[in-house]
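There are 2 protein chains.
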Amino acid sequence: MTQEEIKEQVYTMGRQAKAAAHALSLLSAQQKNEILRAMAAELRACRANIVEENAKDITAGEERGLGVAMLDRLRLDAARVDAIAAGIEKVADLADPVGEELSSWVKPENGIRIQQVRVPIGVIGIIYESRPNVTSDAAVLCLKSGNATILRGGSEAIYSNRAIAAALQAGGQKAGLPANAIQLIPFTNRESVAVMAGMDQWMDLIIPRGGKGLIEAVVSMARMPVIKHYDGICHMYVDTAADLDMAVSLAFDSKTQKPSVCNALETLLVHESIAAEFLPKMAEKMAEKNVELRADACGLEILGSRAQAAAEEDWHTEYLDYILSVKVVKNQTEAAEHINAYGSGHSDCIVTEDEAAAEQFLRQIDSACVYHNVSTRFSDGEEFGFGAEIGISTDKLHARGPMALRELTSYQYRIRGEGQIKGN
Amino acid sequence: MTQEEIKEQVYTMGRQAKAAAHALSLLSAQQKNEILRAMAAELRACRANIVEENAKDITAGEERGLGVAMLDRLRLDAARVDAIAAGIEKVADLADPVGEELSSWVKPENGIRIQQVRVPIGVIGIIYESRPNVTSDAAVLCLKSGNATILRGGSEAIYSNRAIAAALQAGGQKAGLPANAIQLIPFTNRESVAVMAGMDQWMDLIIPRGGKGLIEAVVSMARMPVIKHYDGICHMYVDTAADLDMAVSLAFDSKTQKPSVCNALETLLVHESIAAEFLPKMAEKMAEKNVELRADACGLEILGSRAQAAAEEDWHTEYLDYILSVKVVKNQTEAAEHINAYGSGHSDCIVTEDEAAAEQFLRQIDSACVYHNVSTRFSDGEEFGFGAEIGISTDKLHARGPMALRELTSYQYRIRGEGQIKGN
Numbered sequence: 001m002t003q004e005e006i007k008e009q010v011y012t013m014g015r016q017a018k019a020a021a022h023a024l025s026l027l028s029a030q031q032k033n034e035i036l037r038a039m040a041a042e043l044r045a046c047r048a049n050i051v052e053e054n055a056k057d058i059t060a061g062e063e064r065g066l067g068v069a070m071l072d073r074l075r076l077d078a079a080r081v082d083a084i085a086a087g088i089e090k091v092a093d094l095a096d097p098v099g100e101e102l103s104s105w106v107k108p109e110n111g112i113r114i115q116q117v118r119v120p121i122g123v124i125g126i127i128y129e130s131r132p133n134v135t136s137d138a139a140v141l142c143l144k145s146g147n148a149t150i151l152r153g154g155s156e157a158i159y160s161n162r163a164i165a166a167a168l169q170a171g172g173q174k175a176g177l178p179a180n181a182i183q184l185i186p187f188t189n190r191e192s193v194a195v196m197a198g199m200d201q202w203m204d205l206i207i208p209r210g211g212k213g214l215i216e217a218v219v220s221m222a223r224m225p226v227i228k229h230y231d232g233i234c235h236m237y238v239d240t241a242a243d244l245d246m247a248v249s250l251a252f253d254s255k256t257q258k259p260s261v262c263n264a265l266e267t268l269l270v271h272e273s274i275a276a277e278f279l280p281k282m283a284e285k286m287a288e289k290n291v292e293l294r295a296d297a298c299g300l301e302i303l304g305s306r307a308q309a310a311a312e313e314d315w316h317t318e319y320l321d322y323i324l325s326v327k328v329v330k331n332q333t334e335a336a337e338h339i340n341a342y343g344s345g346h347s348d349c350i351v352t353e354d355e356a357a358a359e360q361f362l363r364q365i366d367s368a369c370v371y372h373n374v375s376t377r378f379s380d381g382e383e384f385g386f387g388a389e390i391g392i393s394t395d396k397l398h399a400r401g402p403m404a405l406r407e408l409t410s411y412q413y414r415i416r417g418e419g420q421i422k423g424n
Numbered sequence: 001m002t003q004e005e006i007k008e009q010v011y012t013m014g015r016q017a018k019a020a021a022h023a024l025s026l027l028s029a030q031q032k033n034e035i036l037r038a039m040a041a042e043l044r045a046c047r048a049n050i051v052e053e054n055a056k057d058i059t060a061g062e063e064r065g066l067g068v069a070m071l072d073r074l075r076l077d078a079a080r081v082d083a084i085a086a087g088i089e090k091v092a093d094l095a096d097p098v099g100e101e102l103s104s105w106v107k108p109e110n111g112i113r114i115q116q117v118r119v120p121i122g123v124i125g126i127i128y129e130s131r132p133n134v135t136s137d138a139a140v141l142c143l144k145s146g147n148a149t150i151l152r153g154g155s156e157a158i159y160s161n162r163a164i165a166a167a168l169q170a171g172g173q174k175a176g177l178p179a180n181a182i183q184l185i186p187f188t189n190r191e192s193v194a195v196m197a198g199m200d201q202w203m204d205l206i207i208p209r210g211g212k213g214l215i216e217a218v219v220s221m222a223r224m225p226v227i228k229h230y231d232g233i234c235h236m237y238v239d240t241a242a243d244l245d246m247a248v249s250l251a252f253d254s255k256t257q258k259p260s261v262c263n264a265l266e267t268l269l270v271h272e273s274i275a276a277e278f279l280p281k282m283a284e285k286m287a288e289k290n291v292e293l294r295a296d297a298c299g300l301e302i303l304g305s306r307a308q309a310a311a312e313e314d315w316h317t318e319y320l321d322y323i324l325s326v327k328v329v330k331n332q333t334e335a336a337e338h339i340n341a342y343g344s345g346h347s348d349c350i351v352t353e354d355e356a357a358a359e360q361f362l363r364q365i366d367s368a369c370v371y372h373n374v375s376t377r378f379s380d381g382e383e384f385g386f387g388a389e390i391g392i393s394t395d396k397l398h399a400r401g402p403m404a405l406r407e408l409t410s411y412q413y414r415i416r417g418e419g420q421i422k423g424n
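Read top to bottom, the protein sequences are chains Y and W.
Just so it is clear: in the first sequence, position 77 is 77 by this note's numbering, and no numbers are missing.
Just so it is clear: in the second sequence, position 56 is 56 by this note's numbering, and no numbers are missing.
Chain Y extracted, bound-state conformation:
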């Protein structure tokens, strides 16, 4: 395909999505839920075909030498397709954010009535890699919140993505899904990303889900807002007034409960007054899961052979593995400065029995989620009670932290009166 042909095809999808978004914005919650249930049913009906198409991706992946973990993420079997369908039904059961009144007031001097109401954003582009379930998860959350989607998945899952998107479209249309409300870009070249990123005349938001390279590329090119889900370099600060057993338990959970995710702990900061007592306890517990410790000079002195020396690079690193960097700090100010300098603004925790210290920490740390005596692993849309999530935003504009249905909406002011004019 020539660049011009790609552009033309993606532009056509943009134009169509805009029209679909308008139709979607007028659907009732009940209509959307019926559409979602019909999509889930169709996905189950197409189970065999989806698994078959997925097998093509798996074969291609094996030929390209993808690793075992990657192939596992890519693989769909009947149970996984059923889980995707069940996920859709769960979204159908959630409350519809569209139409919710955010605030309303009457201007006393003239009687005009101002109402702020949640409305859909419009057209959302999702650019993602590998996992084919994102095709459904993302499209479905966008649909529930009244938005049209243009999906652009990775080449490694193209057969699976096409099969899933086709099932969603076919199922949805049986229940009144507006045409082109969910579109999958049928090719996976880089140019299609560049074209999407430039078409702010139709696309209101772009969400890249994937590695840092993908996000960086989208940020550089995008003309419309981007919501980013960058690294989680999460910290725990163990204060002088911490319950040390609780601190060991929280650090162990935050680090090892699932090390491969963005809300896992990467750096432990320890107040110098309790370091000699706390660090050996912590090391003993971490040894149960063979966590490698990388400590600063002060920590090394206490931990001895149980740790290695940390390098400057360690404070910047999201290990996503059984590795933990450890630093002894003089006080809470030094801890807060370290977190604000090296953290990624994702999730950070203080462990302390001192309420005043805790409240100060919560104000000092400029992160999406700040914790007092709770594991960082709770940074998650499900754990927050949102019922689903499209990701955890490390941005500060529009959506921050766990991002679910409400975060996929905008608002509109509706002003009602009886002929009020400004005059003169």
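Please note: incorrect hints may appear among the correct ones.
[What the hints assert, rightly or not] As a list, the in silico BS3-like pairs of lysine-lysine whose alpha-carbon atoms are at most 25 angstroms apart:
#1 K174(Y) to K90(Y)
#2 K228(Y) to K212(Y)
#3 K107(W) to K90(Y)
#4 K422(W) to K289(Y)
#5 K281(W) to K422(Y)
#6 K212(Y) to K258(Y)
#7 K258(Y) to K107(W)
#8 K422(W) to K107(W)
#9 K422(Y) to K107(W)
#10 K212(W) to K281(W)
#11 K422(W) to K281(Y)
#12 K56(W) to K107(Y)
#13 K174(Y) to K212(Y)
#14 K258(W) to K422(Y)
#15 K228(W) to K212(W)
#16 K90(Y) to K422(W)
#17 K285(Y) to K90(W)
#18 K258(Y) to K422(W)
#19 K228(Y) to K228(W)
#20 K258(W) to K285(W)
#21 K289(W) to K258(W)
#22 K228(Y) to K258(Y)
#23 K90(Y) to K285(Y)
#24 K107(Y) to K90(W)
#25 K330(Y) to K107(Y)
#26 K330(W) to K422(Y)
#27 K228(W) to K258(W)
#28 K258(W) to K90(W)
#29 K289(W) to K422(Y)
[Stated by the list, open to error] A few chain W residues facing chain Y, derived, Cβ under 10 angstroms:
#30 K107
#31 R223
#32 H316
#33 E318
#34 N340
#35 E359
#36 A368
#37 G385
Think of the hints as simulated: they come from the structure by calculation, not from any bench.
C-beta: ideal position from N, C-alpha, C; glycine also.
For chain Y, the structure is supplied; the task is to place chain W on it using the hints.
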């Protein structure tokens, strides 16, 4: 200056602003208000110097042949400086949005307490043209909401901007303003805009205030979020069930009360069933202020010599002048389609006594402000009761419509518990 020197200097300002933002985020409402009042006092104390510096801009502007309107926008006299100072005191009197609890809940299954709290955004870049009062207005709103600012004004007001910024800094520092909380880029070359737009490691948001060319340039270059204040191509739809006298009054007010602003009416859409009665009445009223009417074929038939023929271009045009385009439509659907296609998503109104038609219109129109029987001229932070505004966003992400203190904040989740872990 070489490009490298500009980059280095602007980067230094970015780094400094980030540190200042952290200090600002910890100030209490009272501390911020004392700073604001000290700034107002210093501005008054520096009145003579500011007017003197402004005279240099005026002289330069006259030499460069700036028009009368432009020179008037640029000019500062003692009364205008006092008005800027009074504006600062008004902002001091507004409620502090920072620290406000947006929501809070307890997770029943584990007892963790989740609180969503307003926090400052961080560092905000403001890029603006001509009017020197923006130096104060923007910096002060950002300060009140806990944000550091980097201001980059236009070359035509550079002496005035420097004098105002110096007074704000000097006054603020007397009352504890953190160093570098308000910084003005001391040069006005294009490169400084490019450098600002690229430094997302320190700057969280950029707001361009000025013409379409400036906004476009910032959108193309910016790596951080941009909040745009584009054109207002505002519409009024006069329904078949309209009170025609009210419709004349609303159209006249929306068009002529202040034609040079973004919430002024540009296009009038009229239901065909009442066009023959309404259009002559409307034309008669508009003639009082010599409004030029540009009508479609159907409107021309009724208006005759009182109107000229509208071209396709007219439906796209923000006149900001005593000109109004007029189109007769078959029904509300055609009106809504016209507005969603040609409008700029700013402010649009329906005039009708039919409540059901009005409610349908409010849902159909994808604009920041939609009105029923109210002049579009009310789209304004002051009129909404926000006490001030930094602009009217035509974006859908983060802030939409009149943008004031709350829209200059982000939020943070604070999670409190007693050692809760995720487990297994």
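Violations among the numbered hints
9, 10, 12, 13, 17, 23, 25, 26, 32, 33
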